[in-house]
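**Q** This is what each chain is made of:
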Amino acid sequence: KAGVTQTPRYLIKTRGQQVTLSCSPISGHRSVSWYQQTPGQGLQFLFEYFSETQRNKGNFPGRFSGRQFSNSRSEMNVSTLELGDSALYLCASSTTSGSHNEQFFGPGTRLTVL
Amino acid sequence: AQTVTQSQPEMSVQEAETVTLSCTYDTSESDYYLFWYKQPPSRQMILVIRQEAYKQQNATENRFSVNFQKAAKSFSLKISDSQLGDAAMYFCAYRIPYGGATNKLIFGTGTLLAVQP
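Here the protein sequences line up with chains A and B, keeping their order. Note that the working numbering gives residue 40 to position 40 of the first sequence, counting from 1, and the numbers run on in steps of one. Count along the second sequence from 1, then add 114; that gives the number in the working numbering.
Please keep in mind that the hints were generated in silico from the structure rather than gathered at the bench. For each residue, glycine too, the CB sits at the ideal point set by N, CA and C. Do not rely on the hints blindly, as some may be mistaken.
[As the list claims (entries may be wrong)] Computed footprint of chain B on chain A; a stretch qualifies when at least three of its residues, placed anywhere within it, have a C-beta under 8 Å from a C-beta of chain B:
#: 1; stretch: 13–26
#: 2; stretch: 88–95
#: 3; stretch: 105–114
[Claimed, not checked] Here are the simulated lysine to any residue pairs, SDA-like style, with alpha carbons at most 25 Å apart:
#: 4; chain 1: B; residue 1: Lys187; chain 2: B; residue 2: Arg157
#: 5; chain 1: B; residue 1: Lys187; chain 2: A; residue 2: Lys13
#: 6; chain 1: A; residue 1: Lys57; chain 2: A; residue 2: Lys1
#: 7; chain 1: B; residue 1: Lys187; chain 2: B; residue 2: Pro231
#: 8; chain 1: A; residue 1: Lys1; chain 2: B; residue 2: Lys192
#: 9; chain 1: A; residue 1: Lys13; chain 2: B; residue 2: Gln158
#: 10; chain 1: B; residue 1: Lys192; chain 2: A; residue 2: Arg63
#: 11; chain 1: B; residue 1: Lys184; chain 2: A; residue 2: Lys13
#: 12; chain 1: A; residue 1: Lys13; chain 2: A; residue 2: Thr95
#: 13; chain 1: A; residue 1: Lys57; chain 2: A; residue 2: Phe104
#: 14; chain 1: B; residue 1: Lys192; chain 2: B; residue 2: Leu226
#: 15; chain 1: B; residue 1: Lys169; chain 2: A; residue 2: Asn101
#: 16; chain 1: B; residue 1: Lys169; chain 2: A; residue 2: Thr95
Pulled out of the complex, with its shape left as it was, chain A reads as follows (with noise of 0.2 Å):
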């Protein structure tokens, strides 16, 4: 079974533009969550999708949204780039929402605001 993959891995971008980040997750997961990791805040819960629906959202400015389709795959959104929203964003699947079930993450993209 493939492994969760996000896309793009790397991102460079210059303030004020926004970005559209991609997740995948493993094959018969239907839930997917956002984390935003930096040196300083370290890994900061974002959202979490389960059947195309949000089901939790941390505390982040408006300017981070997200989206998960039919098939689970998720997108995150931000707008309006600020450098301080360079970082590494993970995304998580799992088969579903609560419960034990493992949470499997993928390799990151790396957003870089100029």
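Following the hints, position chain B against chain A.
**A** Same frame as chain A, but now just chain B:
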């Protein structure tokens, strides 16, 4: 609010020796999950071990075991017979039982483990 604290930013261990990574957490919940994740340099994060709070028995996965002290809200990871491939950043994480339907993880700040040959 739930928090997870890892007080050791860096640790070092000799190959074949044993090392213990510390983690404490704060929660008012009685049921929850605790995890240790490993993030090797430039590689994907993987689950090392998982503990369910209602289980008193400490979880074990091969060379990895935990010491779960619920009353003290402590969850340490012991790595026995350390190998060079164990070198990585280790994150302790807590899952909020949000109505029982969420995968949201709260992570600690991580411990960077170096393994000396």
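**Q** With reference to the structure, classify each hint as holding or not holding.
**A** Structure-based check of all given hints:
A stretch counts as covered by a chain when three or more of its residues have a beta carbon under 8 Å from one of that chain; for the stretch 13–26 of chain A and chain B the count is 0, and the coverage is violated. Proximity of the stretch 88–95 of chain A to chain B, defined as three or more residues with a beta carbon under 8 Å from a beta carbon of that chain, is established by the 3 residues found. Only residues whose C-beta sits within less than 8 Å of a C-beta in chain B count toward coverage, and the stretch 105–114 of chain A has 4 of them, enough to reach three; the restraint holds. Annotation: proposed proximity of lysine 187 of chain B to arginine 157 of chain B is violated, straight-line Cα distance about 30 Å (limit 25 Å).
Distance check on the hinted pair: lysine 187 of chain B and lysine 13 of chain A sit about 42 Å apart at the alpha-carbon level, beyond 25 Å; violated. Between the alpha carbons of lysine 57 of chain A and lysine 1 of chain A the distance comes to roughly 29 Å, so the proposed pair goes past 25 Å and is violated. A threshold of 25 Å between alpha carbons decides the hint, and for lysine 187 of chain B with proline 231 of chain B the separation of about 34 Å lies outside it, so the pair is violated. Among the hinted pairs, lysine 1 of chain A with lysine 192 of chain B is inconsistent with the structure: their alpha-carbon atoms are about 30 Å apart, more than 25 Å.
Distance check on the hinted pair: lysine 13 of chain A and glutamine 158 of chain B sit about 23 Å apart at the alpha-carbon level, within 25 Å; holds. Under the criterion of a C-alpha separation no larger than 25 Å, the hint pairing lysine 192 of chain B with arginine 63 of chain A is inconsistent with the structure, at around 41 Å. Between lysine 184 of chain B and lysine 13 of chain A, the direct Cα distance comes to roughly 45 Å. Violation of the 25 Å bound is thereby established for this hinted pair. For the suggested pair lysine 13 of chain A and threonine 95 of chain A, the alpha carbons sit about 33 Å apart, so the restraint of at most 25 Å is broken.
Distance check on the hinted pair: lysine 57 of chain A and phenylalanine 104 of chain A sit about 19 Å apart at the alpha-carbon level, within 25 Å; holds. A C-alpha spacing of about 14 Å is found between lysine 192 of chain B and leucine 226 of chain B, which places the hinted pair at or below 25 Å, so the restraint holds. For the hint pairing lysine 169 of chain B with asparagine 101 of chain A, the CA-to-CA distance comes to about 16 Å; that is within 25 Å, so the pair holds. About 23 Å separates the Cα atoms of lysine 169 of chain B and threonine 95 of chain A, which keeps this hinted pair within 25 Å; it holds.
Checked against the numbered hints listed earlier, the structure breaks hints 1, 4, 5, 6, 7, 8, 10, 11, 12; every other hint is satisfied.
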